[in-house]
Every structure is written in C-alpha cells, then in structure tokens.
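Engineer: Now for the letters of each chain:
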Amino acid sequence: MAVSGKFSVGIDIGGTFTDIALIGDGGEIHTHKLLSTPQDYSIAIANGIEQLLDAQEIDASDIGLIIHATTVATNTILEFKGAKTALITTEGFRDVLEMRRLRIPVLYDLRFRKPPPLVPRRRRFELAERLDSNGQVLRAMNEEDLREIVAALKEEGVESVAICLIHAHANSDHERRIESFLAKELGDQIYLSRSSEVLPEIREYERSSTTVVNAYVGPVVASYLHSISRNLKKIGVECPLQIMHSAGGVMSVDLAVRKPSHLVESGPAAGVIAAARLAEASSRPNVISFDMGGTTAKAALVEGGKPTRTAEYEVGAGINLCSKLVKGGGYPIKLPFIDVSEIGAGGGSIVSVSEDGRISVGPESAGAEPGPVAYGRGGTEPTITDALIAMGYINPKNIVGGKFDLDREAAIAAIQEKVAARIGKGADETAHGILTLAVATMTRAIKAVSTYQGRDPRSFSLVAFGGNGPVVAAEIARSLNMAEVIIPPAAGVFSAVGLLFSDVEYELVRSVFGRDAGHDAAALSAIYHEMAQEARHALIEEGYSPQTIQIEQMADIRYAGQAYELTIAAKFDENDALDIEAMGTFFGYEHERTYGHKSDTDPFQIISLKTIARVPNLYQIRDSQLQSNHAGKSGCRSVYFGHQEQWLDTPVCARGEIPKIPRSGPLVIEEFDSTCVVPPDARVHLDDAGNVIIRFGEEE
Amino acid sequence: MRPEIDPITFEVIQNALSSIADEMALVILRSAYSPVVRDSMDYSTALCDSKGQVVAQGLTLAVQLGTFPDVMRILVSRYGEEMHDGDVFIVNDPYGYGGQHLPDIYIITPIFIEGTLAGYSATMAHHSDVGGIAPGSVAIHAREIYQEGLRLPLARLYSAGRENESLFEIITKNTRSPIQVLGDLRAQIAACKAGQRGLEQLAEKYDLDQLNFYFEALHDFAEQRMRAVIEALPDVVYENVDYIDGVGHDPQQLRIQVRIEIRGSDVFVDFDGSSKQIAAAINCPVAAVNSATYCAIRCMARDPIPNCEGYMRPIHVSAPVGSILNPVEPAACGARGVMAYRCFDAIMGAFGKVLPESVIAGSEGGPILFSVGGRHKGKPFVLTEVMVGCWGGRHGIDGEEGISNPAANLSNQPIELIEAELPLRIHKYSLVTDSAGPGEFRGGMAFERIFENLADQSQFTVRSDRRKHRPYGVADGQPGRPSASTLIRFGKAAINLPTMPMESFDLVPGDIVQIISAGGGGFGPAFERDPAAVLDDVLNDKVSIEGARHDYGVIIRDGVLDRDSTNVLRARAREAR
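Same order as they appear, the protein sequences are chains B and P.
Just so we're aligned, residue 35 is where the first sequence starts under my numbering, counting upward by one.
Just so we're aligned, residue -15 is where the second sequence starts under my numbering, counting upward by one.
Extracted from the complex, chain B is given alone in its bound form (with noise of 0.2 Å):
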C-alpha cells in the first residue's frame, strides 16, 4: 500500500487542541491547531483537515494517506467506559485478574483503594483444561463445557469476550477453539480478543491484564476509527488510514482493531518519532526529547537514532510514573513501548503552600477550565504558565497567535497572595522559584530515562516541543548540564510532524524460557526465521512490496536468577546460525552499562525472541521544510531572569530573524503556537533546517 496521492497528513490530537501537519512532495509542511470536540474527536479532525486543505488549496482526493495519533484507547480506560467484557481462563485460575502481582503503589496509606478489575468475577468464567509449559495438553477441553458460559454470557449482555488460558502462549489451540466456538454461537457481534494472539508471552497475569485491556477498549476503538472514516469520506477524503502504536510504528486500521491495547501511548509516542527523525537529520543520533503540554511533561531516550523501548507499562497509573518502582496502581500492559517517561507538571500545574511553609507544583492541575489564573475563565490557583507570564516569559497578548489576551496582572496578584506572602519573598523572586521547583520536578522525569538507565543526559541534546517545552527547555538543560538544546519549527505541533515521518511497524515476541528450545542456537534460529516469515507475510497482506520490508531481530537476555531482561540485538554468524555466545558477551557489556555491574561466568537465559518487520517511510525529515507559523510581533519586553540578573529589556523576534551565527541572550522567540526563552548566559543561532539551537558553555 505505497502512498499514492500527493500528500500525506498527521493527526494528533490532545485533550484541548488537534494539531494537523500536512507534507507533500516538496517537502513543505504546513501545520493546523484547533480545538478538539470531545464528544465527538472526529469532527474536529474533518474540520481541521477541510480547513488546512483550502487554505493550501490542495484537494482532497490528493491526499493519500491520514496518520492519527489517538487517546481513545487510554481514555476508555481513564474513564471506564470500555465494553462490557468477560473472560474465559482454565479452571482454578479465574482470580488471577483481580490478585494481579499485588504491588501497592503508595506505601503508609492505610485508605489506599486497588484499581476494580476491568471484569468483575461474576463475568469471569473457568473451563476445565489444562497444558503445561511445553504446550503438552494435560486435560483436554470439551466444547460441550462452553454451552454453559455461552448462556452466561448472552444472560448478561456481555459485548466483549478475553479468552486467556494458562500456557497459552506455548499452545494456541484451546484458545482458538473457544473463540471459533464463541463465534459460532455469538455472532460477530461480539468482540473476542485470545491471549496467544494479543500477547502469546509466558507470565500469565500480565498476558490476562493485557488481552482484557484488548477487549475492554477493542468496541470503543473499532467504533471510533470507523466514525473518523465516515466524516473523511464526507469531506472527500478516501485514502488509506493508519494509527500510531505506542512503540512508535503505525498500522492499518484493521489491525488497529483488532489489537488496540497497542494504541495506549499512541500520542506521547509519536512526539518521540519526530524528535528521534529531527536528530538523524541533523547527524545528532543521541537526544532527549522533551514534551511539556498542559498537564504533564514527557521525556524519552533516543539512543544512535532510535527510541529507547520498554516492555512495560501500567495504563491508568496516575501521572507521576517516573519513579518506575511503584507498581500496582494501574492496569498493565505488557507490549512493546516506547519508554516514556512522564510527570505531572505542565503549564496548567498549580502552585501550592502547605500549612506548615511546604511549596509544591502539581500534580494537580487546572487544566484547559478554569485554566491557569491568567486566562481570566474562574481560575483562582496559581499555576507554572502564571509564573512564566509574570516574569515576562510568555506574552499576555500573543497565546496561539494573539488569539485571546492574558490577564498578566492578575496572574501576579494570585502569585503575590497565595504563594510569596507565604513564603516572605516578592513576587518576581516567587515567579522564577516556582519556574525553579517545576524544573527541578520536570528533570525527574529525564533522569528517569536517562541516570536511571545508565546514561549520562550531558552527552545528549535536548529536543524541546509541545506547548510549553520551549520555553523552560533551557532552563531544564541548565539543570542537568545539557550543553545544547533543539527547539524544532512548528514545535507546537511537533508531534503532528512526527506522524509524517513513523515507519510501518509489526512486531511479534514469542517465549522460549523453560521450552525444549532453550539454548539451542538452531532451534531458536527456526523460531526467529519463522517469525520473520510471519511477520512479513503479515505486511504484505496489507499491501506493501516484499522489496520494501525489513526484519530486525533481538532477544529479551537476563542472568539466571533476574527478574528483568535486557533487549540485545540478535547476532547470526557467517552460515546465517544464531551466536548466542556473542549476545551473551553484547548482554553483559550492556548490563554494566546500565546497572554498573556485571558478570563474566554467571549463566545468562534468553527469554524471549522479538522480530520487527518494518517498511521504512519514504519521506525525509532533511528533504522537509517545516512552515514556521510566526504571528507575533518582534520588539523588546522586560523578562526577569532570576535574583542575580534581575529584569533584562530582551529582545523579542520571530524565528526568521535569528541569525545563522550564534549571538548571546537573552532573547525571546515568538512563535503562533510557543515561545522560546534563552537565558543571558546562552547563545543561539538557526540551523540551516531552520532548527533553534540554544548552546551552553564556552564558544567553540
């Protein structure tokens, strides 16, 4: 399914905005921001896309092909309002939903309540069969025992069905006969999502956890996806649809479907990709891309041009998941991620004082309503953005291009009242503390990614986007000795531009631990070459050229004993057989890499094998030319940087205007969507990709 029309377009849409970034062949990116329509996204996305076509004036039967980024998977859950599901598991096992791994995710709080299980125990329902680890059956099922759930589950109305049966990710079949038999019996008006086809991995409460996520969201998506074909085939749009999955890759509609516990980071993952395209284009292969939005900050890895990737992830665990030792406070999900690290600070965080002299910012938030004091809709807590605005940071009279005016002044009163007298300092010395204390919680979140994983963030840039990320980025960089940070075009809406550049992406994983297979360097090479076979077979089912897809292979590798793998790139030797004494020797140096210790005799297990079949996007974000949208006007305002230097007249310009050689700060960068801050102490310069760069430390 190569593109066929002119253009292609991302969609990403956030709790408040939709941002769309549109390509065509030459390279130029136009880009759109309007605001979401919740009760139904879909509108929103037509509208946007009408209104961007006709100010290009491109038609719509030019566009070949639509890439979204979507929270539909994440807010089912958030909200509860998945389908209502049951599950089928082996007999003497239908509780290991509910006991998950028992973790507590706060520690001292007596009042803590677990997260209810998406299926209560009276849908969960028990057949009498058992396999063992190998596969073998140990108590062979009977489709007659099914008659009786099947009854239950017509009783209760039930619209989604998991199936997940002990060992299934060794052995399908059961699995398989229950769902061909349910949907015999049910209809295809039920959705039915199997283990061994969602997560055929051994741990059984993480491949239940995961394949009843699957189930609980699969309605809703389907649902959703559809109406979003609908209202494009009405503005005339036909193309090919694809969606974002949270490692970062996309995938059909259909398949989206059919796996949507997939689509839970689709959002977060697609800034990543955009950050991860920015720094292979300008020969930067490691950075750190920082997003800071509304309510939250999000930091990832991008290491020798890739994501850093995770296999973990709890959906629904609250916001502050940096802290990565916490568990139990969520839903699980056990697929493949991109490692994003996120932390309840953004611009709407409120800024508050204990009763006994504590200050804090966020988690709570005051989101788009009532929205930070400044924005004059009822808001009467502080937050980080009133700060950034009475310091001078942000313009009052220029939020997304002018469109409406700040209150600055009141946004000075509420920080004077409810949080200087407080603390016995002015309010100037207050604004740029609280700016302080969110970057010191915001640098959580990349030492997250980065000190926490064994990597040292001073050898990394800083790619800053979304919202609010520009303007603190140098200020987090400070933070963390980061000597350059990168503030893309259109960095508003980024993560739209990522969209343009995600390669077609299906992986598979399979369990070898505690096979026959186990070590056996030809036994797992038959599995990965199968597993390629699959994978590939999968893509070009949906259209693409056998020419065009490429396998990467890796292995999942701990020692024995461990309870966390490391993922190591699969070696084969000269006579294409697998080299597991050189993955063994590649784990171990990683390992001290990344925990600063190792072994060279202890017995290392492969636990898993993961095969990637991937049809590379054709555009280059180096051919590009992102369109900067500048609305504001250039001049000079009063910015105050801190007790030592105190209010600066600083310079404020478009993006154009900066030049091509470094010059020092301060100075302000206005753009329709985000603003960008140097510091006195940094200087800046435009890359020739019309990048800003902002550098520490002394001139080269």
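Where hints are given, some of them may not hold.
Claimed, not checked - EDC-like, lysine to aspartate or glutamate: derived pairs with alpha carbons at most 16 Å apart: (1) 189/P / -5/P; (2) 218/B / 160/B; (3) 268/B / 143/B; (4) 361/B / 348/B; (5) 35/P / 54/P; (6) 459/B / -10/P; (7) 459/B / -12/P; (8) 361/B / 23/P; (9) 267/B / 490/B; (10) 177/P / 490/B; (11) 412/P / 160/B; (12) 412/P / 166/B; (13) 361/P / 440/P; (14) 177/P / 626/B; (15) 267/B / 84/B; (16) 118/B / 193/B; (17) 452/B / 389/B; (18) 260/P / 184/P; (19) 694/B / 722/B; (20) 412/P / 125/B; (21) 337/P / 219/P; (22) 368/B / 182/B; (23) 35/P / 66/P; (24) 361/B / 143/B.
Note that these hints are calculated values from the structure, not bench results.
Remember, it's a predicted structure, so these values are computed and weren't measured experimentally.
Use these hints to put chain P onto chain B, whose structure you have.
Structural biologist: Then chain P, alone, in the frame of chain B:
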C-alpha cells in the same frame, strides 16, 4: 519553616534526594538475582548524611524502611573516624551490630567529596542463602543463631578500594547459592555507587555546608510533621495484646503486649509484658521491632512525611531485654518477619480501640512462607514463595483482597514461570468465598494456592499464622477466617499441618500441598452492611447465599435481594442483642 530556609531550595534538594534514592532502589530491583529481592522487594536503599542519618530512601518494603538507623549508628561510632574513600562495609549480625536476621546483608559505603566525608550510601538486601541448617537460611526449627548460617560483624569488604579477597571467599564458602549471593552483593555495591554519583552531582550545585544545612532542615521538617500527627492523637494510654499461635505440633501461644503513651508530641511505645525469647527462629531482634513501630506510627499520618530520619525522633520504642522482641544471643531469628508484622498489628489494634476511624482491621497476619526443594532428574531445585494477602476493613471502605500486607509490598511469582522452571504444578490460585471477616465494611478475602509435587524427591516447610488468633475486627467487626495448611496424599486422609511446624516434610510425586491464608478482619457491625453490597458480593461469589444470611442477615433469592425477609431477620437479631 525557619526564615533562613529558602523553601524553593528546600524542595529542589528534597526532590533530588528522592530521585537518588529511587535510582539506587531501581539498580537493585532490576539487577538482583535473589527472588526475595525481586518479588518481595525485601531490600532497602538509603542515602545518609555525614552523621549517618538517613536523608532519603527508596520506597520498597514499608516494615523494613526503619532498619538503617541502628546499623548506621554503630558504623559511625566504630569507624566514623577512620573512614576512607573506597571503603565498602558489610554486616548482617543482629547481636551488637544492628542487623535483623542473617540473610539481610547490609552494604554501606562512605561518600567523600573533595576529601571530605559528605554522607553514606546504604543498602540492605535479603540474600537467597547464607548457610545454616536449611536452604534459604530461614528455618523455624533453628534453636540457636549458630544454626542459622554465616554471621558477619561489621567488616570492610573493600578497604580504600582494595578488595578483601579472604572475606569474599568466606562468603562464597558459606552459601548454597554463591552465584546469587555474589551477584546481589555486586548489585548492592553498584547501587551505592549510584548514590555516590547522585550526591556528587548535587554537591556541584550546592556546597557541602549548604547541603548539610538543608539535610538538617529536612530532618527538622519531618520531625515537625510527625510531632503534629502525634499531638493530634488523644492523650490517653493505648493498650493491646495480640498473639502468635506458636510453633510445633503443640503450640504455646506467644504474647505481644504493647502500651502506647502520648506525652505532648512524643510517643512512647513499650512492649513490656511480651513473651520471653524461645528456642525457635521467630525471635525478633530489636532493630526490626523499631522499624515496624516507625511504620505503624507513620500510617497514622494522613499527610506525606519526607522519608528521612527526622520523623523517627519523637518515636521512642522499648522492648524488654531477653523477650521475643528484644532477644539476646544466641536466640535464633531467621523467621522473625512474622513478629514484625505482628508488632504492626498490635499497635494498629491498640489505636483501633480508641480511634477506629484511623486504623485498619487485621490483615492476613503477614506473609506465609512456603519453601520447597529437592532433586529432580538429578538436578537440585528450590522455590521459596512469600505469599500474601489481604487487608482488613476500614472506616467507610471494605478491605482489599489480592494485595500485599499493608506493611509490606510483596509480589507473587508467575505460575507459568514456576511451572516452566521447576518440577511443580499449581492447580489453583484463587480467592476464598466466605473467608472475609464480616463487617459493615468487610475484610479482604483470603487466597488459596494449591501445589502438586512432580519431583522425584523433595521436602517442604511452611510458616503461617493467624489460625487460633484470627485477624481482628475493629468497631464490632468480625475477625477473618483462619488460615490452613494441608498435605494431601493420594488415597490417604488429608493431614492438617501446624501453623509453624518445627520440621520439614517429605513429598513424593503426586503429593499436594494446599495453603489457605487468613481473611481480613471486618470493620463495624456486619448486620449494618448495606444489603446491596452484600448482594454484589453474592453475585460475585465472594460471599455465599448462606454466608449472606448467617453473617450479614441478608436474604437473597434467585440472585435478587429479598428486602422484607432481610428486614425481619435483622430486626430479630437486634432484639436478641
């Protein structure tokens, strides 16, 4: 806060410290070999100031988080003057060194910044085996500590960066699982290095004087918050007695007596009246009693308190020397964990009599330890499972089922991994109907786990409790159902096992062991429970129809609540009282 403290700097430093402690904890969690570490989070990491006081901790296992002060005090007083950059200290001995039980090995390193002692990285991890009479080194039937394995007094594992090879060899020769023990020691040392890097980076922004000033401010702040919590408690004496069922086939109950007195903003917790130490491995060294007490008192606070030592200052713990809660050499203490959980329960129970709304009813009583090992097809194997759990009911909220004990943060081991690795099969892992202590807010349900032995030859041991002395109810709630351990042999009558057998049992292929935990205690009178909530429990098979009638006075017919009959039954019960 004092005026010379800048609230922003205070927060920034506090934030950096907890980030460092998290990073230390992650290094161990992700790279440890011991299942007790990775699944039970039975380890701790801390960053300490130059006086050895804890300034930040990774949030791992609640009941363990107060264990560093004792060992740090001893380290600083003995070696504080002769500390060198590159020293790595090791210790596990509970008698005279602040240790808890022998598997818990502490690794502590001083941190020097530009030649000045700036602080310490401290870690403790439960190792898989340190020798002694049984695999895993936590045999209840050990009668003296000399039977429990390798004792390590405070010693340098590295001296100014130089490895103490003899000590490494002694450790290697005294464990059944040298690869795991050495691997976990490496992980602990790596975590200490991460702590050092973190403090060094912090010292690039703030000089040491400034850091020390803010560390002290942090202690003071935590102390103030803790004092405010204590001051708010009614000024009465809280008393309670709880029991451990006892060891062996003819158990003698063991008494845990606690008296809590509030004096101003200080709290005095005294365990006088508790049983004498016994010749079995459940004596609880005082460091663990202190830690459990800190944990219980902290749970009375609703606001977060920074994880630094300052909060412990107003908490004063005493336990009589020679008692089961402050044993002296040579008392065995391998399985002392059950006592620490019971200290937590005893304190909760004491507060519960006066302040029911602030506490939690009895939980499952702490983890059930199940250990099985032997040989299969010529190869040795061992599995240790630390099983939990449920919570008791609370004011306005039911207890939780399928959750770690409130003072712990344990995990369960994946059934599929156990079966893939070991000659064992698990037939059932489920919640137990009618096991929750009835109450207006019922307790959490017990769990059941059934194992079948497939190995040619094997043995198992089990440590449970809460059979005779069940998880208590609060505010007229009922206790939870008792625990049970059963051995089922083909063609023979099931054998009920003691809660804490002083022996291990042989298994042949096909033998089945069934473990059932206790259920959580209820909160408030069960006949006051909302009938709709009882109906929901019945529909979910959490309470049987008979249980609904008997325990709650609720009549359910054909899945529908019979309101009239329920009212009649409940009214009759009220009259009978």
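Engineer: Decide, hint by hint, whether the structure agrees.
Structural biologist: Hints, verified against the model:
no.	hint	result
1	189/P / -5/P	14 Å, holds
2	218/B / 160/B	20 Å, violated
3	268/B / 143/B	53 Å, violated
4	361/B / 348/B	8 Å, holds
5	35/P / 54/P	13 Å, holds
6	459/B / -10/P	9 Å, holds
7	459/B / -12/P	12 Å, holds
8	361/B / 23/P	12 Å, holds
9	267/B / 490/B	49 Å, violated
10	177/P / 490/B	14 Å, holds
11	412/P / 160/B	11 Å, holds
12	412/P / 166/B	14 Å, holds
13	361/P / 440/P	7 Å, holds
14	177/P / 626/B	13 Å, holds
15	267/B / 84/B	12 Å, holds
16	118/B / 193/B	5 Å, holds
17	452/B / 389/B	12 Å, holds
18	260/P / 184/P	47 Å, violated
19	694/B / 722/B	8 Å, holds
20	412/P / 125/B	8 Å, holds
21	337/P / 219/P	14 Å, holds
22	368/B / 182/B	31 Å, violated
23	35/P / 66/P	14 Å, holds
24	361/B / 143/B	15 Å, holds
The structure fails to meet hints 2, 3, 9, 18, 22 from the earlier list, while all remaining hints are met.
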